[in-house]
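Undergrad: Full structure from sequences and hints, please.
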Amino acid sequence: MSNAINRRGFFSKAALSVLGLAIAPKILAKECTVGEAPEGKRVVKKGDSTAKRIEYYLDATEAKGKNKKYEADANCANCRFYRKEKDEGGYAPCTMAANQYVAACGWCKLYRAQKAS
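According to my numbering, the sequence shown is numbered sequentially starting from 1.
Bear in mind the hints are in silico, worked out from the structure with no lab data behind them.
Some hints here could point you the wrong way.
[As the list claims (entries may be wrong)] Now the in silico label distances, taken between C-beta atoms and shown as ranges:
{"no.": "1", "residue 1": "61", "residue 2": "11", "range": "51 to 61 Å"}
{"no.": "2", "residue 1": "48", "residue 2": "83", "range": "53 to 63 Å"}
{"no.": "3", "residue 1": "38", "residue 2": "113", "range": "23 to 33 Å"}
{"no.": "4", "residue 1": "64", "residue 2": "13", "range": "33 to 43 Å"}
{"no.": "5", "residue 1": "86", "residue 2": "6", "range": "17 to 27 Å"}
{"no.": "6", "residue 1": "89", "residue 2": "48", "range": "16 to 26 Å"}
{"no.": "7", "residue 1": "87", "residue 2": "53", "range": "20 to 30 Å"}
{"no.": "8", "residue 1": "9", "residue 2": "83", "range": "14 to 24 Å"}
{"no.": "9", "residue 1": "36", "residue 2": "78", "range": "54 to 64 Å"}
{"no.": "10", "residue 1": "64", "residue 2": "7", "range": "45 to 55 Å"}
Glycine included, C-beta positions come from ideal geometry on N, C-alpha and C.
TA: The structure is reproduced here in structure tokens:
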């Protein structure tokens, strides 16, 4: 009888492991998505003077390989200059962009990680 329990336990654990392998990438993926830019707000757009000055990328992953200051998982949403309390659909003012709205998924050369609290 103990063999049956061990086999049953083995197959239960094996099934859970396979399920975990199938689901884990979806849970662990850190895709950043934002909605449309808020209407009536000044938004930093690709190619405008502010974007050029701060080397702003609408998608932080675009900075990889193009800017040596870029670090993995760095984006506006976890930058100390991004004003989360005013977030509107994934956009919020950035103090380094003259309080213009930037995408949470964006990145610029002035990025600084939030201070640990």
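Undergrad: Of the hints stated earlier, which fail here?
TA: Of the numbered hints given earlier, those the structure breaks are 1, 2, 5, 8 and 9, listed in rising order.
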